[in-house]
Amino acid sequence: NGNEVQFRTWSPNGQMYGESISTYNADGKQLTSQYSVQGTLDNRRVNTYDEAGFMNSQYRDDTGDGIFNYKWNSVNHTSDDALLGKRESVIVDSDGDELADAKGTYTYDRTSGRLTQLDWDARNNGKINTVYTVVNTDTDRGYTQVWQGQTQFHPNTVENTYEEVNGEQMLSTSISTYADGTIGTSTTNTYTDNSLAHIDVDLGGDGTVDYKWVTTGTNSMGKVTSRERHVNDIPYEKTQFGYTVGTDLVNNVVNYKLNKFTESSGTATWTKTESTNFIYNEDEKVIRETQETFDDDNNVTGRSETLYTYDADGNLTTMTYDDLDHGSSLIEAVYTYSNWTTDANGNKTCDVEVTRLTSCSSELAFSEGTETYDSEDNLLSASYVAHSNPTANCDGWYNYEEQTEFDENDNPLTIKTDYYGDDATTWQEIETYTWLDADNYSTYEEDTDGDGSADVRQEVTYDANGRFDSYKVDGNDDGPTDGTWDFLLTPTTECLE
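Going by our numbering, the first residue of the sequence shown is number 1, and it counts up by one from there.
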């Protein structure tokens, strides 16, 4: 009845390699799609639409294991005006574990229908993490849209308790609470045979265990070498720990996300997302922390460095965070620890001040607070509030900026991004499009580091009848753009009766 499309690919020897099957509703909108390789499901998607015909959810299974690894559900505007079909809000589950990871709430100009603000709640707990203000300006080619994001701070406290395990004080419970009394996260650690067995995590403090970190490996000292984050007995994340030989000092942490889970056997394959290394001084205090992030192909996507300094008594004095991809001379955040005091029980208390790199001429005084540690440097409690005296000349500050130029068809021409908002003339990433018509782009270039040279270039061509003719890529895993195509896809079209 015309609502299903099948697409097959064949190997050079004539054997069918892959098969794609998509279904559509009566309006021609895709409901489902799945792709199988040599008879085994490789990936699938499921879409739903509201009564007006606008998409309001998408579930993705990118590995064909039967588990959706990415989900979003939206509420769309139903008013019969410029807002019809536009998102009112969206909830995102970024790993498919049924725990909402973020919620976005959208505000528009009711006349033009253009976005004016996005409030992003990174944990869907009612606490907005970033407010994006959006300004639209008409141009002779269409309009320019500028996003400026401001990170929000929510006063909070942390209370930790400890228990003795094999002669050592080990974390037992930890509760973080916002100033309005709502609980952010509550964790409870359980130890078995002098080793950490699992960590129960309660998001929101309602008494429900939302997920567990389950220990899957320990060393001869009883220290955790691997653990997995489980929801309903399915592992969604894994962490591996390495230690300095003969000590309990962690020198390497590697994080993974679930790639594919086989429920029948309980086995999982993983994709590396992050790796962190630690260097210590002679007093066994960390002085340098380096981190790398990775994409699904194991390519490095980001690098950062955190440096620690101490006073003569071994008390922490500064912690500086440097996003190395943003330039080594720019420090993105500085934590300053001062006024250390020690009570009769040996517990130590200090003041903490945090400054951040923003659009201000100098770093913004973002927050401040106090922290209390026991004699073994275990954190007992902490309290953080907004800074009482933020840096001057910072009205309307922001720490993210994105500028997009659209044509008259709402297609992007250029997208420029400054991830810290500190310099509108120096962009960290630049994307450029040219369009054949209102629906089809002809070229795309991505400058991933803002140095003025494209790191990826794509070109799409169409024949005289508007049918897809070729897709070319210069600059993929084989290396940067060099004027030769690294990937080329061309079709053969046969018109059927």
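There could be a bad hint or two in this list.
Unchecked claim - Restraint-style ranges between C-beta atoms, simulated for each label pair: (1) Ala312 with Glu88: 43 to 49 Å; (2) Tyr280 with Thr341: 23 to 29 Å; (3) Thr262 with Asp407: 43 to 49 Å; (4) Ser338 with Tyr280: 20 to 26 Å; (5) Ser381 with Asn232: 47 to 53 Å; (6) Thr320 with Asp210: 45 to 51 Å; (7) Gly113 with Arg141: 16 to 22 Å; (8) Gly314 with Thr133: 17 to 23 Å; (9) Asn232 with Phe54: 28 to 34 Å; (10) Asp343 with Lys285: 45 to 51 Å; (11) Thr342 with Ser89: 36 to 42 Å; (12) Lys285 with Thr78: 55 to 61 Å; (13) Glu305 with Leu489: 55 to 61 Å; (14) Glu88 with Gly314: 50 to 56 Å.
To be verified - Keeping only pairs whose Cα atoms sit at most 25 Å apart, straight-line, the calculated DMTMM-like set for lysine to aspartate or glutamate is: (15) Lys103 with Asp138; (16) Lys257 with Glu282; (17) Lys212 with Asp27.
In short, the hints are calculated from the structure, not lab data. Beta carbons: idealized from backbone N, C-alpha and C, even for Gly.
Hint by hint, here is what the structure shows:
1. Ala312 with Glu88: 43 to 49 Å: Violated: the Cβ-Cβ distance is about 57 Å, outside 43 to 49 Å.
2. Tyr280 with Thr341: 23 to 29 Å: Cβ of Tyr280 to Cβ of Thr341: about 25 Å, so the range 23 to 29 Å holds.
3. Thr262 with Asp407: 43 to 49 Å: Since the Cβ atoms of Thr262 and Asp407 sit about 47 Å apart, the hinted range of 43 to 49 Å holds.
4. Ser338 with Tyr280: 20 to 26 Å: holds, 23 Å
5. Ser381 with Asn232: 47 to 53 Å: Violated, at about 33 Å.
6. Thr320 with Asp210: 45 to 51 Å: Since the Cβ atoms of Thr320 and Asp210 sit about 33 Å apart, the hinted range of 45 to 51 Å is violated.
7. Gly113 with Arg141: 16 to 22 Å: Check passed, 19 Å falls within 16 to 22 Å.
8. Gly314 with Thr133: 17 to 23 Å: violated, 44 Å
9. Asn232 with Phe54: 28 to 34 Å: Since the Cβ atoms of Asn232 and Phe54 sit about 31 Å apart, the hinted range of 28 to 34 Å holds.
10. Asp343 with Lys285: 45 to 51 Å: Violated, since Asp343 and Lys285 (Cβ atoms, about 21 Å apart) do not stay within the stated range.
11. Thr342 with Ser89: 36 to 42 Å: Hint violated: Cβ distance 49 Å, outside 36 to 42 Å.
12. Lys285 with Thr78: 55 to 61 Å: holds, 58 Å
13. Glu305 with Leu489: 55 to 61 Å: violated, 40 Å
14. Glu88 with Gly314: 50 to 56 Å: For Glu88 and Gly314 the Cβ distance comes to about 53 Å; the hint holds.
15. Lys103 with Asp138: Violated, at roughly 29 Å.
16. Lys257 with Glu282: violated, 34 Å
17. Lys212 with Asp27: Distance ~43 Å between Lys212 and Asp27 Cα, so the pair is violated.
Violated hints, in rising order: 1, 5, 6, 8, 10, 11, 13, 15, 16 and 17; the structure is consistent with all others.
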